[in-house]
Amino acid sequence: MTAGADIAWVWDHQSPPASANAWAVTVVQMQLTPTSITERPRLRGLPAPLDRRVTPVVHVDPVPVPPRRPPDAPTLTVALNDAQQSAIVARMLDASQRSTSGWVQLDFEARPSQRDSYHALVRRIRAALPADRRLSVTVLAWQCRSAAWIAPIAADEVVPMFFRLGPDTRRWLAELERGAPALHPRCRDEAAGFAPQTTPPADWQRRWPRRYWFNLAAGTSTVWPVEAESRIWSTAPARPNDASHDHPSMSARP
Numbered sequence: 000m001t002a003g004a005d006i007a008w009v010w011d012h013q014s015p016p017a018s019a020n021a022w023a024v025t026v027v028q029m030q031l032t033p034t035s036i037t038e039r040p041r042l043r044g045l046p047a048p049l050d051r052r053v054t055p056v057v058h059v060d061p062v063p064v065p066p067r068r069p070p071d072a073p074t075l076t077v078a079l080n081d082a083q084q085s086a087i088v089a090r091m092l093d094a095s096q097r098s099t100s101g102w103v104q105l106d107f108e109a110r111p112s113q114r115d116s117y118h119a120l121v122r123r124i125r126a127a128l129p130a131d132r133r134l135s136v137t138v139l140a141w142q143c144r145s146a147a148w149i150a151p152i153a154a155d156e157v158v159p160m161f162f163r164l165g166p167d168t169r170r171w172l173a174e175l176e177r178g179a180p181a182l183h184p185r186c187r188d189e190a191a192g193f194a195p196q197t198t199p200p201a202d203w204q205r206r207w208p209r210r211y212w213f214n215l216a217a218g219t220s221t222v223w224p225v226e227a228e229s230r231i232w233s234t235a236p237a238r239p240n241d242a243s244h245d246h247p248s249m250s251a252r253p
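Numbering (numbering that gives the first Met the number 0), first residue to last: 0 to 253.
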């Protein structure tokens with residue numbers, strides 16, 4: 000791929016692809032509960048980034064929904080409270096201090112009932128970040144059909160995730176190849192997330208100036224598909240020396 004930036008999005012159990020010259024790395028995982036939030040650092044150590052541009056990512060999991068709930072059970076997907084928002088803002092500020100790309104990213108699949116408080120959270124993060132740090136947020140593909148979801152997002156970049164699209168995958172891909180005119184403009188013009196296993200590198204993806212690549216390979220210690228890696232990142236920078244230890248700049252806490 001050429002014309003734009005191709006960024007390897009690195010789950011907390013993965014090592015990054017050696018040939019990528021830009022990484023988006025999960026540095027902390029946060030888990031919402033009905034009233035609070037917990038956190039843990041990434042599971043797998045990282046090699047030294049060397050001259051790579053690294054974007055720290057704070058991943059937030061929504062409140063788990065039990066498979067069977069009584070009909071009269073209270074709704075779990077309530078709005079984010081102030082304590083939850085404050086905790087996420089604090090971790091985003093921590094992460095931003097370790098950015099070598101100038102970016103920091105929030106990866107949070109907010110539920111419909113959290114929409115307004117999600118927008119408030121993003122505004123708080125943007126207001127708290129230094130002026131020289133840019134804010135990226137991921138969104139689900141379906142949210143790109145809703146101006147009410149996308150328009151109020153006060154981030155510098157919106158990254159729709161065009162993978163794991165379920166039974167509508169073919170329809171989505173056909174629409175994306177046509178330029179996705181029905182999607183909100185921010186989902187068409189800024190950035191996008193792809194997975195080589197389901198949306199392999201193709202010329203039509205170049206319409207997005209920044210492309211994040213997610214590795215969906217199963218397992219606790221995954222490698223990138225060799226063919227896809229070579230197509231996405233044709234010029235390899237220096238290979239990291241050691242993928243088993245955390246580099247200080249990517250530790251979960253300052």
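Please note that the accuracy of each hint is not assured.
Per label pair, the in silico range of CB-to-CB distance [said to hold, decoys possible]:
id : residue 1 : residue 2 : range
1  : 96        : 197       : 30 to 36 Å
2  : 225       : 78        : 27 to 33 Å
3  : 215       : 176       : 19 to 25 Å
4  : 78        : 218       : 20 to 26 Å
5  : 168       : 114       : 33 to 39 Å
6  : 62        : 229       : 38 to 44 Å
7  : 153       : 35        : 21 to 27 Å
8  : 34        : 203       : 31 to 37 Å
9  : 63        : 153       : 26 to 32 Å
Because the hints were derived from the structure by calculation, they are not lab data. For every residue, glycine included, the Cβ atom is placed at its ideal position computed from N, Cα and C.
Structure-based check of each hint:
| no. | hint | result |
| --- | --- | --- |
| 1 | 96 - 197: 30 to 36 Å | 34 Å, holds |
| 2 | 225 - 78: 27 to 33 Å | 44 Å, violated |
| 3 | 215 - 176: 19 to 25 Å | 20 Å, holds |
| 4 | 78 - 218: 20 to 26 Å | 36 Å, violated |
| 5 | 168 - 114: 33 to 39 Å | 25 Å, violated |
| 6 | 62 - 229: 38 to 44 Å | 40 Å, holds |
| 7 | 153 - 35: 21 to 27 Å | 25 Å, holds |
| 8 | 34 - 203: 31 to 37 Å | 44 Å, violated |
| 9 | 63 - 153: 26 to 32 Å | 28 Å, holds |
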